[in-house]
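Number of protein chains: 2
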Amino acid sequence: MIATASQPTLTAFDWVPDFARGLVRDIRVRWALEELGLTYDVEVLNAFGAKPDGYVQRQPFEQVPAFADGDVELFESGAILLYLADRHPGLLPTDDAAAWTARCWVMAAYSSVESFINRLNSYDIFNADKPWAKDAREPAVALVNQKLKRVADALGDKDWLVGDFSVADIAMICVLENLRHSGLVTQQPVLVDYLARGKSRPAYGRALSGQLANFTGSPPAGWQK
Amino acid sequence: MIATASQPTLTAFDWVPDFARGLVRDIRVRWALEELGLTYDVEVLNAFGAKPDGYVQRQPFEQVPAFADGDVELFESGAILLYLADRHPGLLPTDDAAAWTARCWVMAAYSSVESFINRLNSYDIFNADKPWAKDAREPAVALVNQKLKRVADALGDKDWLVGDFSVADIAMICVLENLRHSGLVTQQPVLVDYLARGKSRPAYGRALSGQLANFTGSPPAGWQK
Numbered sequence: 001m002i003a004t005a006s007q008p009t010l011t012a013f014d015w016v017p018d019f020a021r022g023l024v025r026d027i028r029v030r031w032a033l034e035e036l037g038l039t040y041d042v043e044v045l046n047a048f049g050a051k052p053d054g055y056v057q058r059q060p061f062e063q064v065p066a067f068a069d070g071d072v073e074l075f076e077s078g079a080i081l082l083y084l085a086d087r088h089p090g091l092l093p094t095d096d097a098a099a100w101t102a103r104c105w106v107m108a109a110y111s112s113v114e115s116f117i118n119r120l121n122s123y124d125i126f127n128a129d130k131p132w133a134k135d136a137r138e139p140a141v142a143l144v145n146q147k148l149k150r151v152a153d154a155l156g157d158k159d160w161l162v163g164d165f166s167v168a169d170i171a172m173i174c175v176l177e178n179l180r181h182s183g184l185v186t187q188q189p190v191l192v193d194y195l196a197r198g199k200s201r202p203a204y205g206r207a208l209s210g211q212l213a214n215f216t217g218s219p220p221a222g223w224q225k
Numbered sequence: 001m002i003a004t005a006s007q008p009t010l011t012a013f014d015w016v017p018d019f020a021r022g023l024v025r026d027i028r029v030r031w032a033l034e035e036l037g038l039t040y041d042v043e044v045l046n047a048f049g050a051k052p053d054g055y056v057q058r059q060p061f062e063q064v065p066a067f068a069d070g071d072v073e074l075f076e077s078g079a080i081l082l083y084l085a086d087r088h089p090g091l092l093p094t095d096d097a098a099a100w101t102a103r104c105w106v107m108a109a110y111s112s113v114e115s116f117i118n119r120l121n122s123y124d125i126f127n128a129d130k131p132w133a134k135d136a137r138e139p140a141v142a143l144v145n146q147k148l149k150r151v152a153d154a155l156g157d158k159d160w161l162v163g164d165f166s167v168a169d170i171a172m173i174c175v176l177e178n179l180r181h182s183g184l185v186t187q188q189p190v191l192v193d194y195l196a197r198g199k200s201r202p203a204y205g206r207a208l209s210g211q212l213a214n215f216t217g218s219p220p221a222g223w224q225k
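Those protein sequences? They're chains A and B, same order as listed. Using UniProt numbering, read the first sequence as starting at 1 and increasing by one per residue. Using UniProt numbering, read the second sequence as starting at 1 and increasing by one per residue.
No wet-lab data here; the hints were simulated from the structure. You may find that some hints are simply not true.
Heads up, the list lumps identical chains together, so a pair's fine if it works in one copy or across two of them.
Cross-link-like lysine-lysine pairs, in silico, DSS-like; alpha carbons within 30 Å at most [unchecked claim]: (1) 158 - 51; (2) 149 - 199; (3) 199 - 158; (4) 51 - 149.
Isolated chain A (complex conformation) (with noise of 0.2 Å):
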């Protein structure tokens, strides 16, 4: 066998509900790696079935996206974005103590504000035929409320989070875009603004079609919309 040079590789999944579409997490890899200019291979998992043998140790939560670039394996979006941005010119500002500021931000959109808008989403999707999700949903609300306008206060008059487009924005984005059934980010005006203004740009666009093309498969049998 010839040796070819690599490019890298993500895995997605075939199907997921409608609510999901656009959300799952290799949508964050896709936008990266569109903006600069990488092309990539996708894997196509089945959300529901078993993973290909293996997989665990590629992604030990069986989860997508898992990420190879040569020799360098990865799991957790974050992180992948992390790599890629420090690997690539383009994603990070150029100065050092900004480009901190941006990893800041990454991970502030995971732990800080991500955390708080799954939980809010385990109440309105997840559990919503449960008695108490309505009960539940009201201090949730609160404290996405409260991490919305801390990002809004924080991103002020600006475009982006540091300096130019970067990989902070990518990952805020598409956390937001995550209350997107919920109608709370519309609160904000400065985030109304600020999604609109990120996933305009093509590289969103492509990696959104990306995503939805890859879900040519069927849900799992009995699944009920």
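Use these hints to put chain B onto chain A, whose structure you have.
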């Protein structure tokens, strides 16, 4: 004014309730600094009162730790861990691919494990008096147990997540320690041993002592234990 060599500074709290003692996130940064043998200054803040002027520019969520090292200013303990591990040898594997695996585990600790632990703690600690908390707790426990099993499986019979002790272990052990009230970790003997192994390191002991020693303040007016 004569410039003197500066050392890193981090912020911490002057008082927190018992359930949070040893868990406030500055301990993660202290642990890394102690492992590296670096000296540092601690700026102690009131957790419940107004923060110093301009603190929100240093820490957009007005939490701790904020961190400064020369002209690099950071927030988010996970990002600070990555920064310290980049700047100083000793907390990441020397092999580049393995170092990226360790960074993935830092991100996994925050994003794929801690977010679920925090959700559980929101029922067990912050909303324990609510009539819905007991029901809401059930699916959250199942998710935490699933994540614990994943981490235990990944650890297997290794001492540390990636090669020698690394920043990945600081992140993961501190995240898992947030379950100390719940007893859930005891169901994964691999993780019980892992936590004991990490917490027996002298640097962890110094980090813990340092955090506890700063709790010289008083609870806010009207505090009910």
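Now for the hints, and whether the structure bears them out:
no., hint, result
1, 158 - 51, "between (43 Å within a copy, 24 Å between copies)"
2, 149 - 199, "within (20 Å within a copy, 37 Å between copies)"
3, 199 - 158, "within (16 Å within a copy, 43 Å between copies)"
4, 51 - 149, "between (39 Å within a copy, 17 Å between copies)"
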